[in-house]
Amino acid sequence: MSTTEIDRQWTTRLRRRAAGKLPPEKLLPDTQPTYVSSWIYVFGVATLASLVVVIATGCLLAIRGPQWWHGSYIGHFVNSLHLWSVEIFFFAMVIHLWGKFFMAAWRGGRGLTWVTGVVTFVVSIATAFTGYLSQTNFDSQWISTQAKDGINATGGGAYWNVLNVGQMLMWHIVLLPIAAVVLTALHVLLVRVKGVVPPFEQSTQVAQ
Amino acid sequence: MSHFLVFAAIFPLNTLGHYLHWHIFLISVANLVVIVLMIVTFLVALFAPFPGRRRRRENR
Numbered sequence: 000m001s002t003t004e005i006d007r008q009w010t011t012r013l014r015r016r017a018a019g020k021l022p023p024e025k026l027l028p029d030t031q032p033t034y035v036s037s038w039i040y041v042f043g044v045a046t047l048a049s050l051v052v053v054i055a056t057g058c059l060l061a062i063r064g065p066q067w068w069h070g071s072y073i074g075h076f077v078n079s080l081h082l083w084s085v086e087i088f089f090f091a092m093v094i095h096l097w098g099k100f101f102m103a104a105w106r107g108g109r110g111l112t113w114v115t116g117v118v119t120f121v122v123s124i125a126t127a128f129t130g131y132l133s134q135t136n137f138d139s140q141w142i143s144t145q146a147k148d149g150i151n152a153t154g155g156g157a158y159w160n161v162l163n164v165g166q167m168l169m170w171h172i173v174l175l176p177i178a179a180v181v182l183t184a185l186h187v188l189l190v191r192v193k194g195v196v197p198p199f200e201q202s203t204q205v206a207q
Numbered sequence: 000m001s002h003f004l005v006f007a008a009i010f011p012l013n014t015l016g017h018y019l020h021w022h023i024f025l026i027s028v029a030n031l032v033v034i035v036l037m038i039v040t041f042l043v044a045l046f047a048p049f050p051g052r053r054r055r056r057e058n059r
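Chains A and B, in that order, give the protein sequences.
The numbers in numbering that gives the first Met the number 0 rise by one with no breaks, and the one at position 72 of the first sequence is 71.
The numbers in numbering that gives the first Met the number 0 rise by one with no breaks, and the one at position 23 of the second sequence is 22.
Chain A on its own, in the form it takes in the complex:
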């Protein structure tokens, strides 16, 4: 195979483009800019860490099933870990959102990073909502019967039936977590490509 043919392969072109955009030292940097040493920059990674616990405890719940998480001490414990890691996930994500909003984190060509963050937030809300519907208790029955009127009013109820436990469970443990994790990975990669957004005074100094 000639060099020209190798250059034209989609694998070669994709590898070169990926390595050009995101070399290993940029993907996993040794140091961060000085302005990152503030507590407000901690909440992105706190969200990420809690997402890892959410996924891990969700996998344990999926392995053992509802009888386990309703009927045993260890099942209750893992169920509570799953709930509270979600609470911390949203708590940290909202503070991360406020911090990035007030520092206009879409500056410097970071628009797609902001948009992936917003979409991940929306997908996470849908994931949490279907989680409430998948508890298999009176709480989930109550929430689903209250929510059905809202969803039906949009016309979406014909396709997305909140009273259908099987459908809501599949959305909660397959489709929405895949979307949330893929979007989070994309968001983090975009942060690595463009770098962490600097404070306003730093970007003014750079512009001067």
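Please keep in mind that the hints were generated in silico from the structure rather than gathered at the bench.
Be aware that a few hints might be false.
[Unchecked claim] Derived Cβ-Cβ restraints for the label pairs, each shown as a range:
| id | chain 1 | residue 1 | chain 2 | residue 2 | range |
| --- | --- | --- | --- | --- | --- |
| 1 | A | Glu200 | B | Pro48 | 17 to 25 Å |
| 2 | B | Phe10 | A | Leu13 | 20 to 28 Å |
| 3 | A | Glu200 | B | Leu15 | 44 to 52 Å |
| 4 | A | Pro32 | B | Val33 | 28 to 36 Å |
| 5 | A | Val180 | B | Pro11 | 34 to 42 Å |
Everything numeric in this text was worked out from a predicted model, so none of it was measured.
From the three backbone atoms N, C-alpha and C, an ideal C-beta is built for every residue, glycine too.
Given the coordinates of chain A, work out where chain B should sit on it, guided by the hints.
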């Protein structure tokens, strides 16, 4: 088990929730507490000194 009972006595979660109602605004006390905690954490994150920040500036 006794630890759980003591905890349950301090934070009774098996009762009706408390709500605050003002005109068209209705919010549970639990949700209000979480929102206030988020605002406080946000302000603390903005103004609390970060460990090692001065050392990094001096090394720069």
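Distance restraint hint 44 to 52 Å, applied to the beta-carbon atoms of Glu200 of chain A and Leu15 of chain B: Given range 44 to 52 Å: holds, Cβ gap about 50 Å.
Range agreement (Cβ of Pro11 of chain B with Cβ of Val180 of chain A, hint 34 to 42 Å): Given about 37 Å between the Cβ atoms, the range holds.
17 to 25 Å as the expected CB spacing between Pro48 of chain B and Glu200 of chain A, which holds or is violated: Once the Cβ atoms are compared, 18 Å apart, the range 17 to 25 Å for Pro48 of chain B and Glu200 of chain A holds.
Whether the CB-CB distance between Pro32 of chain A and Val33 of chain B falls inside 28 to 36 Å: holds, 32 Å
Outcome for the supplied range 20 to 28 Å, where the beta carbon pair is Phe10 of chain B and Leu13 of chain A: violated, 54 Å
Checked against the numbered hints given earlier, this structure breaks only hint 2.
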